[in-house]
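Novice: If you read the protein sequences in the order shown, they are chains A and B. In terms of the numbering used here, the first sequence has 273 at position 273, counting the first letter as 1, and numbering is strictly consecutive. In terms of the numbering used here, the second sequence has 314 at position 314, counting the first letter as 1, and numbering is strictly consecutive.
Some hints here could point you the wrong way.
Identical chains blur together in the list; that is why a pair holds if it fits in one copy or across any two.
[What the hints assert, rightly or not] SDA-like mimics (lysine to any residue), calculated; alpha carbons at most 25 Å apart, straight line:
no.	residue 1	residue 2
1	Lys342	Ser18
2	Lys78	Arg341
3	Lys227	Glu292
4	Lys78	Gly330
5	Lys226	Asn241
6	Lys19	Lys300
Think of the hints as simulated: they come from the structure by calculation, not from any bench. Just so you know, these numbers come straight off a predicted model, no measurement behind them.
Number of protein chains: 2
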Amino acid sequence: MINTICWKKDKVRIIDQSKLPLRLTYLDIDDLRLLWKAIKSLKVRGAPALGAAAALGVYLGVKDIKKNSWKGFHSRLKQVIRYIGSSRPTARNLFWGLERVYNAALINKKRSLKHIKQAILREAEHIIKEDKASCRKIGGYGQRLLRDGCSVLTICNAGALATIDYGTALGVIYSAKAKGKKIKVFACETRPLLQGARLTSWELAKNGVDVTLISDNTAASLMAEKKIGLVIAGADRISSNGDSANKIGTFNLAILAKYHNIPFYIAAPVSTFDQKIHSGRSIKIEMRPADEVRKILGNKQVAPARSNVLNPAFDVTPAGLISGIITERGLIRPVSKGNIRKIIGA
Amino acid sequence: MINTICWKKDKVRIIDQSKLPLRLTYLDIDDLRLLWKAIKSLKVRGAPALGAAAALGVYLGVKDIKKNSWKGFHSRLKQVIRYIGSSRPTARNLFWGLERVYNAALINKKRSLKHIKQAILREAEHIIKEDKASCRKIGGYGQRLLRDGCSVLTICNAGALATIDYGTALGVIYSAKAKGKKIKVFACETRPLLQGARLTSWELAKNGVDVTLISDNTAASLMAEKKIGLVIAGADRISSNGDSANKIGTFNLAILAKYHNIPFYIAAPVSTFDQKIHSGRSIKIEMRPADEVRKILGNKQVAPARSNVLNPAFDVTPAGLISGIITERGLIRPVSKGNIRKIIGA
């Protein structure tokens, strides 16, 4: 597996996901504003990958600060963190990444500036290492749900490209495959930004998985034809009761799965849980530009230029529609406040 | 309203819908093979419009036949009808249009060739006239379902562009507007061919209707936010029990509407009913090329070039999910074999 994001030669190296599947190219980013733009424009995306990007972004933003006092440094650090946090509001992991490196700085505040900066970088690199391990554990727990020969429907990209290198929902597929199970995947193309078409179908095929691309509209009829055994999606933020924000269209799939009696699972690391939010109603949903719907990927116009558009990037699937949440600490099933607290803590 | 299709100067004049919304252009077609291609490539589309296109196509295909006997003419006529029928299998109205002109020929078989040809053309023009009247009646019955200020969700284009000049599902909107009701429409963009983005949002805005375009994935969250009062879609073929084939994604909306307790209506002329088919399972679903999903409208590649794709053009919504079917002869509600027979006949 190739790395979606890493720290290399004093720069943040990311795969430029806006260029896939036509070209696999990397960007080396040494400027905080460029990283912010890369996050905003989804050159790097996926909740867990955003946790790493945010943490590395903090180091990028503070590494050249020349202050003598913790107070002066701390004020700049907070500024950098607020700035990164302004990029995308929904993915919990992004803010979790920021909190992790902030706390690493705080613990070391009595030490030298150089030491504090190193602590921030070390923490960011630790997040990356942890994510690799977490995805493999999620895969391990999740693959138990997949029988040999079964078909999985997924949406957006909760794969290697959404994490460091393995994926959450797709990590489950990779783990099942590694156990010798033959799994067929149907990938929803995921309008408006087509992460399923561009990223998931590319990534799965590259890793030898049998994948078929469908328009999002095809999900219900596939289910009616009994071609789907299970739905697995990722998540961007999960409230303490299990309501899960994920790519727009995920809620649709959960309802369609319920209607057809098909299990619907979420795969996400514990960093996606927001125990301070008690229901999906409190999750802030990012609204994105109208042109993402009016034009395809920035330049192919498909609707009248000034048409009204509503373009929320996420929806919220209520816990009651979720059969279980697969985390690196085990499977939460049934999804309830109590079962979540047992795995995640208060 | 402008005419989607008409007979003009010995040619079939159609709006080239593949050019919308960027350009409103007309095609004058005087060759049967070109008409076949225009149907296949959706330059003219929409079940009722296809009924008229098929009927005019027969005239185009037979008008220059020089035979002395009915037998010789009849054999060529059947050939032309089979050829047109091979273009798109799902829309019942296309075959209904073919049957109408075939019967008009048959009734006149004892008369001169010139007379038979004129009978075919007259029948085709009659179909066009009837469609205009039917759409307005559908609108009249349907608008009673819409309260002032309500919001309607629709998919694909069941509008003026899918009929001669007024529409079925959108005819209901136009009729409500004419009654002074303020109606807000949400148009699903309708992947893969984006008829909602290209045609419905263009047509409604042009006719002064408040329309907001959404990706198909946004339907469930809009419903959860109580922004949708009613769903209305068209249909391509309705079996004797009320199961309704329509654009892929319609079935999804019906399930989402059921989950959210939102009424789901089909608007279609009686020519859409196929009383010989007793359930949706027997409706032949047209499978379309993979590149409609891999590339946007023929040239913008969004998925790996050789990715597997499943691209059915239609799905079937079971009668049990349909609150009612709005026809030009009245509202069928509840949808049952008996109630359908009362309106349609055996």
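Novice: Each hint needs a verdict: does it hold in this structure or not?
Specialist: A quick look at each hint next to the structure:
Taking identical chains as interchangeable, the C-alpha atoms of Lys342 and Ser18 are never at most 25 Å apart, the minima being 39 Å within one chain and 56 Å between chains. For a Cα distance limit of 25 Å, the shortest separation of Lys78 from Arg341 qualifies neither inside one copy, at 30 Å, nor across copies, at 71 Å. With identical chains, the CA atoms of Lys227 and Glu292 are at most 25 Å apart between copies only, with a shortest distance of 21 Å across copies and 31 Å within one. For the homomeric pair Lys78 and Gly330, neither the shortest alpha-carbon distance inside one copy (34 Å) nor that between copies (66 Å) is at most 25 Å.
Only between protomers do Lys226 and Asn241 lie at most 25 Å apart by alpha-carbon distance; the minimum there is 22 Å, versus 31 Å within a single protomer. Proximity of Lys19 to Lys300 under the C-alpha cut-off of 25 Å is found in both arrangements, the shortest distances being 15 Å within a copy and 13 Å between copies.
When held up to the earlier numbered hints, the structure conflicts with 1, 2 and 4 and fits the remainder.
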